[in-house]
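Kindly produce the complete structure, drawing on both the sequences and the hints.
2 protein chains.
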Amino acid sequence: MAQGLRAAIDFLLYEWLRVQTLATRARYAEHSRETFDAVLDTCERIARDKYAPFNRLVDTEEPRFDGERVILPAATHEAWRAYADSGMLCAAQDYAIGGMQLPYVVEAAGNAFFAAASVSIGAGMLTVGNANLLMAHGTAAQQRAFALPQFAGRFAGTMCLSEPQAGSSLSDIATRAVPDGPGHEDDPLGPRYRLRGHKMWISAGEHELTENIVHLVLAKIPGADGRLPAGVKGISLFIVPKWLVDRDGRPTGQRNDVALVGLNHKCGWRGTPNTLLNFGEGRFPVAGAGVGSGLDGQGAGAIGYRVGAAGDGLRQMFHMMNEARIGVGMAATMLGMAGYLASLDYARTRQQGRRLGPAGKDPAQPPVRIIEHADVKRMLLAQKAYCEGALALELYCARLVDELRTGDAEAAQQAHLLLELLTPIAKSWPSEWCLEANSLAIQVHGGYGYTRDFPVEQYWRDNRLNMIHEGTHGIQAQDLLGRKVLMQGGSALRALRARIDATAGRAGALPEWAQASAVLQQAWQRIEGAAHAAWASGDPTEALANAVPYMQAFGHGVIAWLWLDVACATVGREDPASVGRRQACHYFFRYELPKIDAWLAVVQARDRTCADMPEEAF
Amino acid sequence: MAQGLRAAIDFLLYEWLRVQTLATRARYAEHSRETFDAVLDTCERIARDKYAPFNRLVDTEEPRFDGERVILPAATHEAWRAYADSGMLCAAQDYAIGGMQLPYVVEAAGNAFFAAASVSIGAGMLTVGNANLLMAHGTAAQQRAFALPQFAGRFAGTMCLSEPQAGSSLSDIATRAVPDGPGHEDDPLGPRYRLRGHKMWISAGEHELTENIVHLVLAKIPGADGRLPAGVKGISLFIVPKWLVDRDGRPTGQRNDVALVGLNHKCGWRGTPNTLLNFGEGRFPVAGAGVGSGLDGQGAGAIGYRVGAAGDGLRQMFHMMNEARIGVGMAATMLGMAGYLASLDYARTRQQGRRLGPAGKDPAQPPVRIIEHADVKRMLLAQKAYCEGALALELYCARLVDELRTGDAEAAQQAHLLLELLTPIAKSWPSEWCLEANSLAIQVHGGYGYTRDFPVEQYWRDNRLNMIHEGTHGIQAQDLLGRKVLMQGGSALRALRARIDATAGRAGALPEWAQASAVLQQAWQRIEGAAHAAWASGDPTEALANAVPYMQAFGHGVIAWLWLDVACATVGREDPASVGRRQACHYFFRYELPKIDAWLAVVQARDRTCADMPEEAF
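Here the protein sequences come in this chain order: A and B.
Numbering follows full-length UniProt numbering, with no gaps: position 605 of the first sequence is 605.
Numbering follows full-length UniProt numbering, with no gaps: position 299 of the second sequence is 299.
Derived by calculation from the structure, the hints in this document are not laboratory data.
Ideal placement from N, C-alpha and C gives every residue a C-beta, glycine not left out.
There's no promise every hint is true.
[As the list claims (entries may be wrong)] With the C-beta cut set under 10 Å, the calculated list includes, among others, these residues of chain A facing chain B:
1. 201
2. 348
3. 457
4. 478
5. 548
6. 599
7. 615
[What the hints assert, rightly or not] Just the calculated beta-carbon pair ranges, DEER-fashion:
8. A/78 x B/539: 19 to 25 Å
9. A/348 x B/312: 35 to 41 Å
10. B/532 x A/605: 51 to 57 Å
11. B/164 x A/512: 55 to 61 Å
12. A/605 x B/411: 40 to 46 Å
13. B/351 x A/283: 26 to 32 Å
[Stated by the list, open to error] Some but not every residue of chain B turned toward chain A, in silico, with C-beta under 10 Å:
14. 169
15. 232
16. 362
17. 467
18. 489
19. 491
20. 608
21. 615
22. 616
Written out as structure tokens, the structure reads:
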């Protein structure tokens, strides 16, 4: 399996995106294709040795809570150690703090191997995202105490946003943060607060993989009247470590008042403990100068250090959320790839049935391998088109992140616009279509695919999470049609169209792709036209009633564009992989892109069939 | 939940299909809406009391094999007993043998409640199908010994078709049946054979719910040269009881040589043990007059009694398969309905977020229930349109079975044609779209839907089986486009079009539905045209390369027709349920039916993109 994945990644990185040219930039001057390859080799090896063999194990041996500790399989501990030792937690960081100064696109490609091998073992994405947020918004002391130990793998990180009553709607969070008595502003680790509240759906919220866990917690600071400010503008961000630390980040041995209430038992993605946490309810009372002694068992609150300005929490958290959304998209993509490659292996060996037509009429003929059946080829080619298309999207977005960080001002501005627009697609499209790919992988296996003796049913279960976490499908669609296509007077959409038109221009000059080029441009005229029609009345309830179908059409339009761009990169090559990429591109244009008309029709018409459905009529 | 299901069934049975009029037929003369209602009441009650409370239990407490016995939860035993005691195993049978002489459509509606409550507890469908096959093809002695005890719930039945190397391709089965010595033709229970072979994917293949298990086994009788005949024409059908019986069907206490090799561990549908069985390998040797003593531990073979003529096995088994396919479609539909109704309940109570537009801008306003969000309404209305549309299809097909059995010659012939054509749709469409409904039910629940604390993730896992068993999606599509649309010079398709045109004619006279009526007829012109285009070259490899997209389009066309027909049955009614049915119909025409163009385009073009993909290019 790993071979097919590596080949797909190598082609996209070096032949399509030409990331080796990043070495001409000052930040990456010590890099080259050789150093990038060495990173990919390492990731591939660790994923193969420490992740893949245990993917089923972490599904069957779910995290358990014995009342005191969360128990994870030994394999999870070893995988974490190997991952941390690889340096990947610090891959993109400066040499000065022990990083590799890798481009983000190479980091993302390296991490893809772990997601394909066992998506739920790893908590690396959250840890890196947490530390990156602190590097962007924390003080030097906060970075030293909380970020650097995460890059080193000694601490792990979480993001604590949702609450039982506040999932998608963060404005309704009720976790309360009050200043921790006189002098609370003077703590070397940042303004010190006491937090009380419940946080739900916290991945890796409790475990013993690391010395400490750094929770980044959204909470509200009550006003003078004691009430929590309404809306998202009242949200602040806090560092709440599981174990309190000294100013250098060394755990003091004093537990902070963060307690596991329970584990969520999930359909899939079971290797990662998902938790409900209580902050400041007195399970681990912390004495202090602040309100209440904390020694009466009631709990004075968990100690938290504010990051940045009060009320700025959501904006800061979004720094982490955007990376997380690309990470989710990549995870969905890799689950899809894993299923595709597993079903391809199966189809190449499993014998069943005979060819259609006269040649197959003779039952005395031996059966053929199922890859010889057209419908099995269809299911394989669909998977390839979905998953390698999604991989192109994720790597393209990752490359844009590098442009944002190291491009010139104009290029960085373009990259910013494109990323804003493409992030909801990078999150949503693989979540939907690589899940569909996993279903096809089951189907290729027949009954065997439905058993737990083969890996594909787990990929499918694991992948179902991705349309939910880090912003649901509906949230992504509102972000796309409600904000991103409108932003800066439509300039993000114009930036995307410029890139699409450039691809179409190149493809239009090639006989094999001239028709697809025209089809792509027509499709994008309809996608743009539908957005205008949706907003024609200016009423968001009309415009957004069909935001999800719009996002589906937009996503298919993006993937069609990227496939055409990839196909152009294969011109003149007749090796099997290039032939296969071109065929996948044809598949996407012939079987998939035509689906957008059905989705766009309801957007264009501002169809109110759903919105007008009376509740009592369901 | 049950309330919404009952209302949907009542409407379709009595207001739409008007099944109460069946009471004018001689066979059903003692029936009336009152007796039908009494059956539905009983089913609803038993399903609520004995099935629904244990649906999660049978998922977590999977069948276990301790080396001797298959252990099922006590609840499964109690559910079986209650089901058998209800008389539903014998519902459609003659009064003379203890049956209720119920119309099949009422039997199917009653069984729907069990599928919705816990799809995998029940093995009733296989038992009834097995016994029905014997009533159609067995001798009087076979019926008395093996069918009647199944109708009474003392025995259970299986269908043993697949083998490890022969799943979809039954022509490759290798189970061998040899005459059991001199006089084998004279056994009162039928010609006696010894069987040896392996059977895979056998649902309810081993358990202790009943005194005995009646396996209906496909096997081949070797020719004079000792070789098995090639192809499906060499397949014969045998009754192989787990415990040998005397001529009255009383178990003799002598075990037959049928041994459980192991249980399959599935993604879902876990309440039903799914088995690999060894026939005649000597685990339970049976002495006899035949080849080999059977006492040397080698095994002379399991004793089996041939049903009907040698070589006629597959045709006879298909008698059972067609019922099984409608049963699978109904199971898929009920899983969809269960998810729909669960997510509807959730959406009516869960509070999250605020309305779009100015009214929602004020964060001091309390959150709304999520059913007030247009995108949640969209996900609920899609589920309703999929699942109630599928329910209409299943009940329509069940009603056709009654017409086949009790209609006049012309009506029976029409029903036969329509059933042949619609069976692959009745099997495949709910398997695909009610699974999609289950995914939407998870999505409505957000993160909670992904946990095992809510039922929807299990419905989704359970439902994934339905595209696989009883003929995969690909097999159904080949059946549809390769056989059924062609049969008798296209007369099945003409029969269907006549019904569709009749509906369109009625709808065309109604202002609300005139446009949908025209759209439906245009859609069916395209569906028919695509079939002609597919077969234009007469080459099955070209015609069938896109059989699945064709089936998807055909299925959407069928459901659109049925929704329009249902909508016509609500004319003049303004109660909420009628409003809801009309809105679901509008949804289907506006959001779903337009999808057929993308599917048909590749059929029409005899697109070879998939078929031409070189294997090495994947």
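Quick rundown of the hints versus the structure:
1. 201: Result: holds, 5 Å to nearest chain B Cβ.
2. 348: Because about 7 Å separates residue 348 of chain A from the closest Cβ in chain B, which is inside the 10 Å limit, the hint holds.
3. 457: Holds, because the Cβ-Cβ distance from residue 457 of chain A to chain B comes to roughly 4 Å (cut-off 10 Å).
4. 478: holds (8 Å)
5. 548: holds (6 Å)
6. 599: holds (9 Å)
7. 615: Result: holds, 6 Å to nearest chain B Cβ.
8. A/78 x B/539: 19 to 25 Å: Violated, since residue 78 of chain A and residue 539 of chain B (Cβ atoms, about 56 Å apart) do not stay within the stated range.
9. A/348 x B/312: 35 to 41 Å: Roughly 36 Å apart at Cβ, these two residues keep to the hinted range, so it holds.
10. B/532 x A/605: 51 to 57 Å: violated (32 Å)
11. B/164 x A/512: 55 to 61 Å: violated (44 Å)
12. A/605 x B/411: 40 to 46 Å: holds (42 Å)
13. B/351 x A/283: 26 to 32 Å: Since residue 351 of chain B and residue 283 of chain A have Cβ atoms about 28 Å apart, the given range 26 to 32 Å holds.
14. 169: holds (4 Å)
15. 232: holds (8 Å)
16. 362: Where the cut-off is 10 Å and the nearest Cβ of chain A is about 8 Å from residue 362 of chain B, the hint holds.
17. 467: holds (6 Å)
18. 489: With Cβ-Cβ at 21 Å, over 10 Å, it is violated.
19. 491: violated (24 Å)
20. 608: holds (8 Å)
21. 615: holds (6 Å)
22. 616: Constraint on residue 616 of chain B satisfied, holds at 4 Å.
When each numbered hint is compared with the structure, violations occur for hints 8, 10, 11, 18 and 19.
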